[in-house]
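S.K.: Take a look at the letters that make up each chain.
There are 2 protein chains.
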Amino acid sequence: MIKTPYLLFLGDAPDGLAAKVAQGIKDWRSEFAIGQYRLPGCKADLGLPDLTLEDARAKGVETVVIGVANRGGIIGESWRAALLEAIAAGFDLASGLHTRLNAYPDLVRAAQTHGTALHDVRVPGIDYPIANGVKRSGKRCLAVGTDCSVGKMYTALAMEAEMRQRNLNASFRATGQTGILITGDGVPLDAVVADFMAGSIEHLTPDNDPDHWDLIEGQGSLFHVSYSGVTMALIHGGQPDALILCDEPTRPHMRGLPDYTAPSLETLRDTALGLARVANPACKVVGISINTQHLSEANALAHMAEVEARMGLPTVDPFRQGAARLVDALEGI
Amino acid sequence: MIKTPYLLFLGDAPDGLAAKVAQGIKDWRSEFAIGQYRLPGCKADLGLPDLTLEDARAKGVETVVIGVANRGGIIGESWRAALLEAIAAGFDLASGLHTRLNAYPDLVRAAQTHGTALHDVRVPGIDYPIANGVKRSGKRCLAVGTDCSVGKMYTALAMEAEMRQRNLNASFRATGQTGILITGDGVPLDAVVADFMAGSIEHLTPDNDPDHWDLIEGQGSLFHVSYSGVTMALIHGGQPDALILCDEPTRPHMRGLPDYTAPSLETLRDTALGLARVANPACKVVGISINTQHLSEANALAHMAEVEARMGLPTVDPFRQGAARLVDALEGI
Chain L
15 MIKTPYLLFL GDAPDGLAAK VAQGIKDWRS EFAIGQYRLP GCKADLGLPD LTLEDARAKG
75 VETVVIGVAN RGGIIGESWR AALLEAIAAG FDLASGLHTR LNAYPDLVRA AQTHGTALHD
135 VRVPGIDYPI ANGVKRSGKR CLAVGTDCSV GKMYTALAME AEMRQRNLNA SFRATGQTGI
195 LITGDGVPLD AVVADFMAGS IEHLTPDNDP DHWDLIEGQG SLFHVSYSGV TMALIHGGQP
255 DALILCDEPT RPHMRGLPDY TAPSLETLRD TALGLARVAN PACKVVGISI NTQHLSEANA
315 LAHMAEVEAR MGLPTVDPFR QGAARLVDAL EGI
Chain A
15 MIKTPYLLFL GDAPDGLAAK VAQGIKDWRS EFAIGQYRLP GCKADLGLPD LTLEDARAKG
75 VETVVIGVAN RGGIIGESWR AALLEAIAAG FDLASGLHTR LNAYPDLVRA AQTHGTALHD
135 VRVPGIDYPI ANGVKRSGKR CLAVGTDCSV GKMYTALAME AEMRQRNLNA SFRATGQTGI
195 LITGDGVPLD AVVADFMAGS IEHLTPDNDP DHWDLIEGQG SLFHVSYSGV TMALIHGGQP
255 DALILCDEPT RPHMRGLPDY TAPSLETLRD TALGLARVAN PACKVVGISI NTQHLSEANA
315 LAHMAEVEAR MGLPTVDPFR QGAARLVDAL EGI
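Which chain is which? The protein sequence lines are L and A, in order.
This note's numbering numbers the first residue of the first sequence as 15 and each following residue consecutively.
This note's numbering numbers the first residue of the second sequence as 15 and each following residue consecutively.
In isolation and in its complexed conformation, chain L is listed as follows (with noise of 0.2 angstroms):
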């Protein structure tokens, strides 16, 4: 669990793309994104204050977040001197970047001279168990793709969010680096050794309030074959009573397999939902949430009224048309 809140670090950023984990914090933890940190040439601007180390020390920080991604996901020399610096005032640092903090010997010495802690979100922090499939009281909702990257953390958070607002009992469960790095906390998934996938995620959701739902973030698809196996995982180790169908309709192939084309939104829905009844027969099939950015206002209304039609179950772009209706869904079953 990482301490919150956070300053976020966007180092030499070239521009905003670069900063999209620190953007994530900003959206959905406002209250996390205390202040930004920039080195000299960052093109990235949250719009929060720029703060010194003694400001956000002063602002009740706690932990200093690489809010950036860079080609090769390693810490360059002018970023490590002012990382060593908030090592040494105090901060704990959290990083979701391929080259982990606790694989630089500068950064580990520095943390253990002061205390502080190195956070390494892609690595897994803690021995989970091998799943039992025991049913778990409260209610939990996955967003399953037709492909990876089409949505679907977008889609949990957009749905706590409204959840939240309504004052009901929601939590977003993170199971990749950047929701871990924007919650504080949740399991690397990727990087979960295989026997174990299923049960990090039982660990992840536990027993709750009959009235609680986990919205869990998903990961990967199904139908693409570089991942299916952690999508299962999730699949039988969230033992789903709903389910979100996520999707991108302007794709041409699966995302880095040219030869192969995304399943159906009714293929989707019958392969996961007759999985997903594997582990919780009272599964059912909510909302669709389709991400529409690259359609214009005109041809996004069209195509999910069509999707709507077509397949009977409420349709939206939760970015630009907000979740609510997903909710009224999962607050209908």
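There could be a bad hint or two in this list.
[To be verified] Interface residues of chain A toward chain L, partial, derived using beta-carbon atoms under 7 angstroms:
| no. | residue |
| --- | --- |
| 1 | ASP204 |
| 2 | VAL207 |
| 3 | ALA247 |
| 4 | PHE333 |
[As the list claims (entries may be wrong)] Computed footprint of chain L on chain A, listed as stretches where at least three residues anywhere in the stretch have a Cβ under 8 angstroms from a Cβ of chain L:
| no. | region |
| --- | --- |
| 5 | 88-102 |
| 6 | 145-152 |
[Claimed, not checked] Keeping only pairs whose Cα atoms sit at most 20 angstroms apart, straight-line, the calculated EDC-like set for lysine to aspartate or glutamate is:
| no. | chain 1 | residue 1 | chain 2 | residue 2 |
| --- | --- | --- | --- | --- |
| 7 | L | LYS149 | A | GLU91 |
| 8 | A | LYS57 | A | GLU91 |
| 9 | L | LYS149 | L | ASP223 |
| 10 | L | LYS298 | L | ASP225 |
| 11 | A | LYS149 | L | ASP273 |
| 12 | A | LYS298 | A | GLU322 |
If you are wondering where the hints come from, they were derived from the structure by calculation, not from laboratory data.
Every residue, glycine too, gets a C-beta built ideally from N, C-alpha and C.
Since chain L is already given, all that's left is putting chain A on it; use the hints.
M.R.: Just chain A now, kept in the frame of chain L:
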């Protein structure tokens, strides 16, 4: 890759069942099983010559394989002395026990001193790639089960033996500890990190001659919530041309999951085939393997006749009847 042939170390096995890894090597790779090595009190006997280390060296043995499982999966004092002697005599060691050979500093030091290898087959030896889903040459057959431990490995090994007898071009591909020790090579799939599972199976079953069959050892079950992700990765990483359905018809519930019952063979067929066709649209279900060890001969034959009529697929117990009809079915596609 473990060097062959082997001396099979049985330790102080309390009975034959404890030596089932060694028994598997003798049954399926008798050419690797040069002799056995037993400590005082050993109650297992494979019917192989009891060899001293000197005898084994003279007969060309390269590796001493720990062919016995013990409670807790640790290497006791009495074993350690014998294993240290084997290392000093220049042999490699191979083990599938939970506690790694490489976790014992005395064994590690001895191996360094004598220039021999310690193979822990539960630990992935290489960094596997992420699966790319590219169609490979050659053919692949995968056994999928209604549950775990229903005879998938046995089925694949029996098919390989039958195919070799017919001078067909076939390779058993091990995906678990026992299979790896039997053949000297393979992927310990349950220990592979999630993102690389399917890629490890692509690596295990590469491009091959057009008439070559990989007989891939199955793991878990799509219907076993603890391990279904592993099975999914086998189906997509293996891109099988042929599936064999495996069942053990007397189980009251899924192995280790008292609240879960096994699916019907029809459900297994439809679910596995639908998912397999994502990676290989030509995939077919070609036969059924039933583990009838808990049925009388008469009941076993009646059960298999009923399944064969119902499913319209050749149905055998390879242990009772051999795998000839399953291989006939493979040859037919």
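S.K.: Each hint should be assessed against the structure and marked as holding or not.
M.R.: For each hint, the structure was consulted:
1. Residue-level restraint check for ASP204/A holds (minimum Cβ-Cβ distance to chain L is 4 angstroms; threshold 7 angstroms).
2. Annotation: interface hint on VAL207/A holds; nearest CB of chain L at approximately 6 angstroms, less than 7 angstroms.
3. Here the hint on ALA247/A is kept, as its CB sits about 3 angstroms from the closest CB of chain L, short of 7 angstroms.
4. Interface restraint check for PHE333/A: the shortest CB-CB distance to chain L comes to about 27 angstroms, outside 7 angstroms, so the restraint is violated.
5. Counting residues of the region 88-102 of chain A whose beta carbon lies closer than 8 angstroms to any beta carbon of chain L gives 0, which falls below the threshold of three, so the coverage claim is violated.
6. Counting residues of the region 145-152 of chain A whose CB lies closer than 8 angstroms to any CB of chain L gives 5, which reaches the minimum of 3, so the coverage claim holds.
7. A threshold of 20 angstroms between alpha carbons decides the hint, and for LYS149/L with GLU91/A the separation of about 43 angstroms lies outside it, so the pair is violated.
8. Distance hint between LYS57/A and GLU91/A is fulfilled; the C-alpha atoms sit about 18 angstroms from each other, no more than 20 angstroms.
9. Between LYS149/L and ASP223/L the alpha-carbon distance is near 13 angstroms, which keeps this suggested pair within the 20 angstroms criterion.
10. Between LYS298/L and ASP225/L the CA atoms are separated by roughly 17 angstroms; this keeps the pair inside 20 angstroms, and the hint holds.
11. Under the criterion of a C-alpha separation no larger than 20 angstroms, the hint pairing LYS149/A with ASP273/L is consistent with the structure, at around 9 angstroms.
12. Between LYS298/A and GLU322/A the CA atoms are separated by roughly 16 angstroms; this keeps the pair inside 20 angstroms, and the hint holds.
Consistency with the previously given hints fails for numbers 4, 5 and 7, ordered from lowest to highest.
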